[in-house]
Structure formats: C-alpha cells, structure tokens
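Asker: Residue-level listing of the chains:
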Amino acid sequence: MSALLRLEGINSFYGPVQVHFDLNLAVEAGQIVCLLGGNASGKSTTMKTILGLQRPGSGRVWFDGAEITGLPTPQVIRRGIGSVPEARRLFPAMTVRENLLMGAYARSDRAAIASDEERVLGLFPRLRERLGQRAGTMSGGEQQMLAMARALMGRPKLICMDEPTMGLSPLFVDRVLALIQAINREGVTVFMVEQNASLALGIAHYGYVLQTGRIALEGPAGELLRDPRIRDAYLGGAARDGENVG
Amino acid sequence: MGGAWFDYTVNGFVIGNIYALLAVGLALIYGVANLVNFAHGSVYVVGAYVGWAAITYLGTPLPVTLLCVVVVSALVGVGIERIGLRPLHGSSRIAPLLATIGIALVLDQVVQLLFTPDPRAVPMQVPEWRIAIGGGTVGALDLLIAGIGLISAVVLYGFLRFTKLGWAVRATAQDSDAAQQMGVDVNRVNMAVFAIASALSGVSGVLVGMYYNQISTAMSFEATLKGIVALIIGGLGNVPGAIAGSLILGLTESYGIALFGTSYRNLFAFVLLIAMLVWRPNGLFAARRSLPPEPMTGTFIARSRPVVVPRWAVVAVIALAALLPLAGQPYVLQIGANSLMYAMLALSLTLVAGTVGQVSLGHAALLAIGGYASGLLAMDAGWPVALSIPMAGLVTAALGTLLVFPAFRLTGHYVSIATLGIGEIVALVILNWTGLTRGAIGLGGIPPLEVFGLDLGSVEGTYWLCLAVLVLLALLQLRLLRSHLGRTWRAIRDDPVAARSYGVSGDRYKALAFGFGGFAAGISGAITAHAYSYINHETFGASISILALTMVILGGLGNVLGAVLGATLLIALPEAFRFLAEYRILIYGIVLLLLIRFRPQGLMGTV
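For the protein sequence lines, the chains are A and B, in the order given. Under our numbering, the residues of the first sequence are numbered 17 to 262, in order. Under our numbering, the residues of the second sequence are numbered 6 to 612, in order.
By construction, these hints were calculated from the structure, which means they are not laboratory data. Hints are supplied without guarantee of correctness; some may be wrong.
[What the hints assert, rightly or not] So the derived list for chain A, only partly shown, Cβ under 7 Å to chain B, looks like this:
1) PRO90
2) ILE93
3) PRO101
4) ALA109
5) MET118
[Claimed, not checked] With beta-carbon atoms standing in for the labels, derived distance ranges:
6) ASN55(A) / ARG87(B): 36 to 46 Å
7) ALA327(B) / SER74(A): 49 to 59 Å
8) ASN55(A) / ARG308(B): 19 to 29 Å
9) GLY238(A) / ARG87(B): 46 to 56 Å
10) SER74(A) / GLY95(B): 19 to 29 Å
11) SER155(A) / GLY8(B): 50 to 60 Å
12) ARG150(A) / VAL160(B): 23 to 33 Å
13) SER506(B) / GLY183(A): 20 to 30 Å
14) ALA445(B) / THR153(A): 51 to 61 Å
15) ALA151(B) / ASP190(A): 57 to 67 Å
Idealized CB from N, CA, C, for every residue including glycine.
Work the whole structure out from these sequences, hints included.
Answerer: This is the structure:
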C-alpha cells in the first residue's frame, strides 16, 4: 500500500545546523495524521520541506506516486497539496471572498471553482456573512476558518496544517478540530503539525512524535494517547525537567 | 494674475501626472519585491530615447511611438528583474537596492554611448493649439498627458482588481510566502510587475521629452528621485497613494517655482521628502506613524571573515607609497593624490555604512560642506589653510551629524532615501544661498595648500599631505573599531532592538559615527577644494556618493584597509586603461553588479 505522502531519509539543515536526522514519515490517503513535537523539534521545517519552501540536504519527498523533492512551491501546490500556514497568513487587505478565490489560484475551471465556493461556504457558514469584509479585520478564530476554507478552494488531495489551533480560544479550538474532521470526511487527507498532543491525537488516525529532528515515536492515535511516554511529556503526567517535550 | 495661477496649477497637475507614471511603478515594485528600484529613472530615459528614435528614424505616429516605448521599456524592466532581483534572492537585504544602482549606471551609460550626452529635442506629435480658460490656457499636450495618466490609473485599477495576475500581484505584495502556497509563481509576478512599471516609466519619459521639448541622459537620476519622493509622500508600496503623492509633489513644485523661482524647485521636493520621512514615514494616508518592520530574512550586509593583512605588509605599502614622488611621475602622483582623497571619503562611508549599517547615498554632501567651509574660512575670514582644513573637518562633523539627525530612527531603505535627499538639499542650499556661497558661480581662487608657510601646492606636496592625513585617519578609525565603541556600533548594526534592550542608545552612537565620518569626509573635501582651487555646487554630486559606495563595497563594508584599496583601485585602474575613459561609468556599474552577485563581502571582507 503506497502512502499519499512519504518522506524518505530526510536530512535538512539551517546553515550549519542540522534540523532533521534521517526523517521517515508516511501519510495514508484518507487519514488525519498529526506530527507532534515541542519547540525547535523540526516540525515547521518538515512542513516547509513538504511544501518546497526549503530544500532538504538529502532524502526524498513523494506525493501521489511522484517525487516532488526540490520542486518550487507553486508546482507542489498545483499537484494537489493545500496549505494552511502557521499563523494563518491570510492576505489581510483582501476581502474574504478574494482570499477564497486566491485559494483556487492554481485552478482554471471556473464553473467548478464557483460550485466549490458554495460547498466551502456551506462548511463554513460564518464566512458567508463576511464575504465582503477585509480578512485582516476578522477575529483569530474566523481567520483560521478562512485559512482552512482557502486551502480547500484549491481542491487538494492533501491539506497540510501548521498549528491550526495556535492562539485560539478554547471554544474555537473545538470548532476548528470539528471542521478538520468534517474536511477529512469529505475525502481530503489531512497532515497537521501540532504542539497540543491530546487535542490532535483526539481527532487523528495516526501520529508521529518528533524529537530534536528524529521520529521518537509513532503509532495509531489511540495507542499514542495511552502511551505513558506521551502522557508524561504532553498530557500532564509527571513532567520531567529538561528534554521531556523534545 | 488669476490666469497665471491657473497656468501654474495646470503645469503642476501635468508634472504630477508624469511623476505618477513613475511613482506607481515604484510602488508596485516595492509592494511585491520590497525594493526601491533605483534604475527606474534609467528606464524613463530609455523610454524617452526610444520614442525620440522611433519618431526621428521611423517617423512613427504617436500611438506607434508609444507602443514602441512600452515594448522596449517593458523588456528592459524584465531584464532588471532578472539581473537585479531574482539572482539575489536570499542575499543581504541591501543587495537588490545596490544592484539596481549598478543597473542604473550601466543603462545610463549605454544610452549615452548610443545617443551621445547632447540633449535632443523630441518632435512634438500633438497639435499646438491651446484653449483659453479663465485667463489661463490648456494645450493639447496637457490634455494628452492628463489622459494617459488617467487611463493608466484606470487600467491599472482594473488589472489589480479583476484579473488573476492582478490578484497574484496584490497577494504577493501582502504576503509573498503565503501567495506561493496558493500556487502563485512569485518570480513571474515580479517579472510582470517590473514590465508594467517600466512600461509606465518609459511612457513618462517620452511625455516629458515632448513637454519640455528636450531629453538628455542627465535626467535619469532626477526622475528616480522624484518618483521616490512621490512614493514616500503616498507611502511605500501604496499605489493610489503614489498617484496622490505625485500630484501633491507636482503642484508643490509648480507653486514653489511661482513663488520663489526655478532654482528652488527641487529644494521643495527634497524638503518635502525629509519632512515626510521624519513626521509621516508611512505616507500621508497611513494611520500608523511607526515604521513597519523590514523583513528580517537575511542579514543587512553580507557576513564574512575579513582578510588579515600582516602589519609589516601595511607598513611596507605605506613606505612605498611615501616614496612614490621620488619616481618623478607627476601624472601618476596626481592620480595618487586623487585616490587618497577618495580613500578618506571611503573611510568615512565604510564606517557609517559598514560598521553602523546606515547605507548613506548622500555622502558626497559631506565633501561639499568640508570644501566650502575650508574655502570660505580661508578666502572670506582669512584663516591660514593649516587651520581652515581641520576646522572644516569639525564643521562638517557637526553639520553633517545635525543634518542626518532626523533620519536616525529610520532603518534600511529609508536611511538610504533620507541621506540621498539630504545630500541633494545640501547641494541646493549651496546653489541658492548666494550671499554665503556665491551660488552658481562657485568658489574660485581658493588658496593653495600650505602648512605654516610650507608650500604644499605642488603635486608632491599635495600627495604627501593626503598620505599623511589618510594614515592618521585610518589609524584613528582602526583604534576606534577595536575599542568598546566599535563593538557597540556593530551591535547596533546587527540588532538594534537587542542593543537597545542592553541600554545602548542607538541615536547617540549613530551620532558619534556620523561625527567621526563627517570629520574624515570634511577633511577630504577641504583638501580637495584647496587642491582644485575651484569648486561649485556640482563638484561633489550624487555620482560621487555612488562611486564612494562602490569603493566601500569593493573593499568590504566596514573594512578600513578595504576602503583604501577600493578607492585606489576604482580611481587608479580607469586611468591605467585610459582608452576606456568613455566607458568608466559603465565599468563602475558592472563592477558593482558583479560584486553584489559574486563577492558581496568585497575584496577584503566585511568587518
């Protein structure tokens, strides 16, 4: 069974500093897969490597049966990967509708874009009320929804989300998680990077734990949730000092 | 009376439209690429000459003329993006700006070589009638320019608002990383923006040619400056703001001429620029007064390990240099003295731009202040030259620091723009303060160099004096760089916020740097004045500021020995290849471009 996304033996560097050490990771089609890890564990670099924003020193990235290592970002996107960047990164001076249509930038099938817009607005009714508003004037939770809706507009096979719950109020965190599940039910594979392990594992099928650039732990989400090491590190077990979060 | 004011208003509005065609492009480019394109005025000149050539050689009618201009200018714009921007992705933040300066030098010189520097008259392609309105008149050309300005604005609005590429341009301007993650090819967007901006700039050039009935290669730099002033008035990267800023600038200039005369025109423009930078650096239309943070990707200057030169080698080179006059080659000595005077200027600039990270584009103004101070002290106050020169150094230190003081809280691009404006203001004040400076006539009969009765007016004397002064200044600067002060300067350059959080007052240390730099440059200007015996407001122009910057980059920013080496190479080498004299500026431009691309740390390395 070949995975939708696969990272093979990735070693990446920031100048002289090595970020990833022989990283291997696979995302099966139709699943929600989360990558957990603390600060400076290499989570965001993993995202950049997939999206072609950063070239790995060695190793390969495969998507949908083809190698995409080192492809420029726009081409990666055109192959069917949607991105919900860290801190959302909307186009603040553009309206909600313009942001949505930017999500469909790589497509040229006008009729399908229009019907997708309807479908996405059905999923995010809050956005329909705000179509003419500038994206920068919305609340953090609404912006997160727009970022997700924008990524969906590209009709991606895979959506990569970088810390989708960061900085949101608890109410919005729950709604965002529910929406991620709703997106997944529509057949979109989700790969998300999170610091909040219990929330992410609560909705994911499979999880990886990244620790200083290496995969320290992986397994089905349910098993990881019960794993004492995860409980210690993330779920309020007896937290050790030092490298506990990794 | 009323009619005259109507005419001034029409004139201001027309000039404003011409500036708008320039400034809109600058705003678009700044938006997508975070770059102030200093080659913009050169494209304007290219446009003017293409128009002239099309009419003169091909006899094209107006629409075809404009089409030729648009096509050629757009192609030049694409070239600028390919050479000046794309390959420099990920290099130091100041690199693309410097690259566009290099491209400007190359373009200007190529146009000059092709068409000679003599001004040309652009044949009028518009009927010569004028309609009388309310005592004043409006001509067909006025209407044409206003029409082109208006149509361009409408087309541009439609493009940005309703086309896919236009959306990509706006998205890239707001967040280029996010735009890429939507599938936008940012390189293509940049290329399109450079093409559009350059086409508008070229059209502006040919319209100016018709309006003033004259074009010359000299108008390039001024066009860049005016475009930048309009851009700053409207706010960097703000397209509608750029149009409004241009109209404000055009009307201000036109009324300024009406009230005070033509020689004040540019003074108004640059005083407006500095006032904006000090009080409203985000432009007239922004609510925020604090500057947006510059993108933090990459360092400001390229990092490297400086080349270590053993002390004995430096001593040996100085000794050899001191013995040069014994060779009995007055021509070589003349070049040597010139190199040494430039080296003093380069020392000053490498401190300000390299060590403190304030890339000044108006450094020649310090030479002008020093030259005039010493010349006037010696001529009008009867001071001996041996006293007037160091006094000129002190005057320049004080005045230079005072003038730049308002710009201290600016960073990055804004510093370069502000110093450029201040440099122009100094030249214009010298031109207009006739009572003190004798205005356009300049200072003639400046007494020759002499130190307490010892006549140094000979080539040998000048050379030795320059060498001695340069060695003293260089030793002093090296001593300062190794001290606590030097470390603090570098800390302010590398991370102003961190430096401030350690209790370092950036302004005070910047003032010290400009003070010392002003002293060295003032001495250089003073010696030059006495050596030449004649200076005027154009002796120390913007081209010298750019040349000094090229020297400093060639040597390695912040590197004292590098500054001296850079000055010597750039002054001496073109002399060695005299047959290349015609191509000198072209060579400077290419040297600058190659350095930024392939050896951004310079020959001796940055410090």
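Asker: Has the hinted range 20 to 30 Å been met by the Cβ atoms of SER506(B) and GLY183(A)?
Answerer: 25 Å, holds
Asker: Should the hint that SER74(A) and GLY95(B) are 19 to 29 Å apart at their CB atoms be regarded as holding?
Answerer: Holds, at about 20 Å.
Asker: Minimum Cβ distance from ILE93(A) to chain B below 7 Å?
Answerer: 4 Å, holds
Asker: 23 to 33 Å was suggested as the range; check whether the CB atoms of ARG150(A) and VAL160(B) agree with it.
Answerer: Holds - the Cβ-Cβ distance for ARG150(A) and VAL160(B), about 24 Å, lies within 23 to 33 Å.
Asker: Does PRO90(A) pass the interface hint, meaning its C-beta sits closer than 7 Å to a C-beta of chain B?
Answerer: Nearest chain B Cβ about 5 Å off; hint holds.
Asker: Could you check the hint for me, namely that GLY238(A) and ARG87(B) are 46 to 56 Å apart, CB to CB?
Answerer: 54 Å, holds
Asker: For the restraint on PRO101(A), tell me whether the closest CB of chain B is nearer than 7 Å.
Answerer: 6 Å, holds
Asker: Does 36 to 46 Å hold as the CB distance between ASN55(A) and ARG87(B), or does it fail?
Answerer: Check passed, 39 Å falls within 36 to 46 Å.
Asker: Is the distance from the Cβ of ALA151(B) to the Cβ of ASP190(A) consistent with 57 to 67 Å?
Answerer: This hint holds: roughly 58 Å between Cβ atoms.
Asker: Quick check on MET118(A) please, does its C-beta sit within 7 Å of some C-beta on chain B?
Answerer: 5 Å, holds
Asker: So the hint says 51 to 61 Å: do the beta-carbon atoms of ALA445(B) and THR153(A) match that?
Answerer: 55 Å, holds
Asker: Let's test the interface hint: is any C-beta of chain B closer than 7 Å to that of ALA109(A)?
Answerer: 6 Å, holds
Consistency note: the structure conflicts with none of the earlier hints.
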